[in-house]
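So the protein lines, in turn, are chains A and B.
FYI, numbering that gives the first Met the number 0 numbers position 31 of the first sequence as 30, with every residue one higher than the one before it.
FYI, numbering that gives the first Met the number 0 numbers position 38 of the second sequence as 37, with every residue one higher than the one before it.
Derived from the structure by calculation, the hints contain no laboratory data.
A quick note: this is a predicted structure, and the numbers were derived from the prediction, not measured.
Ideal Cβ placement from N, Cα and C applies to all residues, glycine included.
Among the clues, some could well be false.
Claimed, not checked - The following residues of chain B were derived to be distant from chain A, with all beta-carbon distances above 12 Å:
1) 94
2) 113
3) 138
4) 140
5) 208
6) 254
7) 272
8) 332
9) 359
Stated by the list, open to error - One-sided and incomplete, this derived list gives chain B residues near chain A with beta-carbon spacing under 8 Å:
10) 41
11) 42
12) 51
13) 291
14) 323
15) 373
16) 375
17) 376
18) 377
19) 380
20) 404
21) 411
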Amino acid sequence: MKLRRDHLSIDPEKCTGCRRCMIACAMKHHNRIDPDFSCVDVIGFAAQDLDVPVICLACETAPCIKVCPMNARIRQASGSVVTDTDVCIGCRACVYICPVGSPRINPATGQTMTCDLCADETEPWCVAACRQERALTLCTDGAASKPAARRAAARTLAGSPRY
Amino acid sequence: MKLVIIGNGIAGNQVAFDVRKKDRDAHITILSAETVPEYDPCSLPYFLGGECGRTDVFRKTPEDYTTHNIDLVYDSRVVSIDPEAKTVTTHGGGQISYDKLVLAHGGDLFIPPIPGIDNPGVFSCKQLAETEKLAAHNGSSAVVIGSGAIGIEAAEALKRKGYAVHVVELMDWILPSLFDEPTARRLETALKGYGIHVFTGEKVLEIKGTGEVSAVVTNLRTIACDTVVVATGVVPGTALARTAGIDTGRGIQVNRQMQTSVPDIYACGDCVETIDACTGETAMFQLKHNAIEQAQVAARHIVGEKTRYLGAYAFARAHFFSTHAATFGKTQRATDCILGDKRVIEREDKNNYLRVMLLNNQIVGGQAIGTFADGLGLLIGAMWRKDDFMEIAAKVRTTPRGGAVHTWPMLRLGNLLGM
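I would like the entire structure built from these sequences, with the hints used as guidance.
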């Protein structure tokens, strides 16, 4: 079974916590250098010295689409799920139901924002910003099958039987 | 195949459009008691408060039905079902035959038997027509009877419109089915901070006034007002099913394929009684996401696919002005009648509050206000997976520096729970 359309592949093992992806995302979508405006959230665990980039994974059965009271969470043709800023009232239901807590709050409007895979670009800006570390990479449709992804995960020893 | 759907709500439309996606030839009819296309009842308080326009409330336009070749019949309430002859009768006397019937008429607003409840100054906020009446009403002081999610959202909306708002709750604290007392008290304080008066543990005895409301009398006080909003909950509409000989409990009883006890009749949405996905208990969560999932299962089974409903889950949010709160799973009160090793984890930091209920070291429910709520999805995941709390604590303790990045969800849970 092929994975659904384009998606970002996240390899937290390679993440160094530089947060360039956050800056790139804020520059692309809000034209400013402020990590608070980024759709990417790099979570740092200081005690364990780990960094994990959290991005909307556009779940196949996305719960945020179902719980949004304004029906503002919309699945786009590219496969990504984005917030319709015309109707979002900033109730944050999508943040609370998200299994990874990925939607972020736009500090200026209070509405939520998630990754749209930079739909109008050849490559998402966060992926371009992470070219050296390759913690974030773009998998296009057909580029990765689920078994192949599984085998790759097993090779990095990062695969856990539970997650 | 002739598919008839009773009810033009979220569940009914989901069934109709899902079946149409898979079956181009099916003859699909939706019988609606109202006169508008599908709208979202969850949006209505925001329409009332002026946060969104009337068009944003709708999930479908009349054109959607014509392009998908779905017959939407307005203003036809079904009064009886004949499972032998496979026909339904509408209140106008018309008979419609079906091959498969879906009951998705949802719930009815519970109207408490209070003297004066039929006063024209008494409104509700569950249906669009009623909400429009309330939005068009000119008043200055309102009493909201009941403090469920709809009641609190309606109170916020009226406050935004400039009303003086009073919330009267019969139970000991607001949002009684969603939150425990410590969480609810904090929300109550926040509501009062926005200028909304909250009276808990009070019973409304009478609505005074003829032609228009002049006051609401409770067992403790008299509140002068010109508007009353009834938000005392929704009861599943089981009467229609019961008269047709379909098994009902609190709601219409269905199996894992959303079939009722009568062949070729399905039920989904607010009117059914389902099981809790995590505990397997009989449960009724009249929430939008459950209605959508049940309708998807029903639609798949109608077109002949193999499918199984996993169960409903409780997740709700309470949001007013800049206060955000969310809840999932069981409240502490709901776990009181279960035997087992129970524990409550509480965290507090300024206005933020987190409360997680553990039963036999497994997360069974939680409530959060403010920033703690942002990680609530992780707790919901832990509840679904039945993660062992001690195991999470051990992982947080033993993960070495720079190692084992796959433990990050547990580390994040540990950070959230303050371990």
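Comparing the hints with the structure gives:
no.	hint	in the structure
1	94	holds (35 Å)
2	113	holds (29 Å)
3	138	holds (23 Å)
4	140	holds (25 Å)
5	208	holds (33 Å)
6	254	holds (21 Å)
7	272	holds (20 Å)
8	332	holds (21 Å)
9	359	holds (19 Å)
10	41	holds (3 Å)
11	42	holds (5 Å)
12	51	holds (6 Å)
13	291	holds (5 Å)
14	323	holds (5 Å)
15	373	holds (6 Å)
16	375	holds (5 Å)
17	376	holds (4 Å)
18	377	holds (6 Å)
19	380	holds (5 Å)
20	404	holds (5 Å)
21	411	holds (7 Å)
No hint from the list above goes unmet by this structure.
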